[in-house]
Amino acid sequence: MKNSLFKNFLIFFLIFILIGSIFSLYNANANKAENISLGAMVNLIQAGEVEKIEVEGAKINITLNNQEQKVSRKEAGESLSELLSNYGLEASTIQGLNVTIKEDSGASLWLGSILPFLIPLLLIGVFIWMMLRQVQGANNRAMSFGQSSAKNIGQENTKHKTSFKDVAGAEEAKEELSEIVEFLKFPKKFMSLGAKIPKGVLLLGPPGTGKTLLARAVAGEAKVPFFHISGSEFVEMFVGVGASRVRDLFKKAKKSSPCIIFIDEIDAVGRQRGAGLGGSHDEREQTLNQILVEMDGFETNVNVIVIAATNRPDVLDPALLRPGRFDRQVVIDLPDIKDRQAILEVHAKNKPLNDKTDLQLVAQRTPGFSGADLANVINEGAILTARRNKTKIGTEELVESIEKVMLGPERKSRIFSDEEKKITAYHEAGHALVAHLLPHADPVHKISIISRGRAAGYTMKLPIQDKHFKSKSEFLDELAVLLAGHVTEKEIFGDVTTGASNDLKEATRIAKQLITQYGMNENLGLRTFGQKDEMVFLGKEIHERRDYSEKIAEEIDKEMAKILDNAHKTAKELITKHKNNLDMIANKLLEQETIEKEEFAQMFQK
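With full-length UniProt numbering applied, the sequence shown closes on residue 606, and no number is skipped along the way.
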């Protein structure tokens, strides 16, 4: 609003300056000749110095014998001959003058008479017009408040068009979505068999797995308009605006049929109704109701498909998930090692890689990473390469960027005392030693006492291959590895520090899951304990309903204590028995701060 007012004022000021300049030029041209009195003019005539006189209304232009210009003025109704007679000039002198009578031109009449009155009126009119235009623009914005702000990505944008070739991994999801592309390309092929075009496809998966990218690929493959909008863009503080935007979006989509509507983060408006927030008629629920109605109201011959994405399917309203609205639910999981390598190759396509760069090694070291995490790894590797003044990205930079993405940058300015450095070295050596000795623990890939993020040191353990299931033995060995740092501090220094607090928190969480969720206990039977009710408040679960008695709660605590105590005993036995190896690992860490996988394996071979 302030920028618009300033712009209008600036335009008005420039117009005023321009008109003033025109007037000044006109006046300058008009004032070239010297103004003299009528008496002086008569004296010049009597002296015979006047060559020519030109009368233009009340203005008298005098040209002297030496071509000098003079100007004088007379009364408007008085003739020149009468004027000169009144000043006592003889008739013969008057008759001998070269006098020319010139009528007033239209331009001089315009500039001299009409323009001085018209210009202020024009300036006022222009100013009023600008103000009215601004008010009208505000009214138009107010009238368009209920219109959809969806971005329409049409077919004309061929340079940056996304296809399934740009999406690495997720083969099952691409196969499922390729049928949607075929529906949009050849609808009659399916309608002739009585098949109905799916109205909605719900993409489910963790953040960063490529749900939005897949939706763009569907639009690119089908070569149809693609309306993109976020679920939060529907909701406003005014009741009814979201529903109005939904109606407008679907109206635009029907006009552009066949097309795709993509609603990202649909859980912003699609949460389960009746959650107790805002009553039963709040803005979000009205928006959801309108989406449900529009998806039900599609005509059978309208080729409009709604693709929605969310990473919280558990909070969506059941009415939104039923067949006839979202007929298909496509799950996009975190990529496995093969898919991770393919994703890394896609993101490294336009980046200069060293000939010895091993993307397979990077894929092995990134279990649990999403596509977005892998893209970040490649980008951080490129930044690190540039910082080191290298021209090609190597494996060393990519491996270091993995640690940066997982834990944060190195905190070289964080200086530890010799005592703290020794405690950290033994703490991490304890984790690494127990992880190496236990058969079901993941292999150690790296140990470091260089501070990263909030961690004073870290032991990186990675599985040999991707796992989809985890056994009880693996959980118990993981608990022993987590408690090994705490045990080592107690055994070596006779005291414990706060460095093991996160390990204890994670161990407690795993022990509770073993008993209450996985049924991996000896005395409480094959059942789960506790149910989480989705009472949504600011996107978090705030209530867990207990479906067991206080006596069972006491038994759960006993079982947890038993599991953690056994893990503690296992770690203590191994550390006591292999203390020489523990000292060797800790001393090596104190010497060089980091131990890689190959060097760690050679230490135990010796």
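Mixed in with the good hints, there may be bad ones.
[Unchecked claim] Pairs of lysine to any residue residues, derived as SDA-like cross-links and limited to a Cα-Cα distance of at most 25 Å, are as follows: (1) LYS189 - PRO313; (2) LYS52 - GLN67; (3) LYS422 - LYS392.
[To be verified] Simulated restraints on C-beta separations: (4) LEU321 - GLU522: 19 to 29 Å; (5) GLU599 - LYS392: 17 to 27 Å; (6) LEU14 - GLY408: 50 to 60 Å.
Since the hints were made in silico from the structure, they are not lab data. Remember, predicted model here, so these are calculated numbers, not experimental data. Using N, Cα and C, we set each Cβ at its ideal position, and we do this for glycine too.
Cross-check of the supplied hints:
no., hint, result
1, LYS189 - PRO313, "violated (32 Å)"
2, LYS52 - GLN67, "holds (9 Å)"
3, LYS422 - LYS392, "violated (37 Å)"
4, LEU321 - GLU522: 19 to 29 Å, "violated (39 Å)"
5, GLU599 - LYS392: 17 to 27 Å, "holds (26 Å)"
6, LEU14 - GLY408: 50 to 60 Å, "holds (54 Å)"
Going through the hint list in order, the structure does not satisfy hints 1, 3 and 4.
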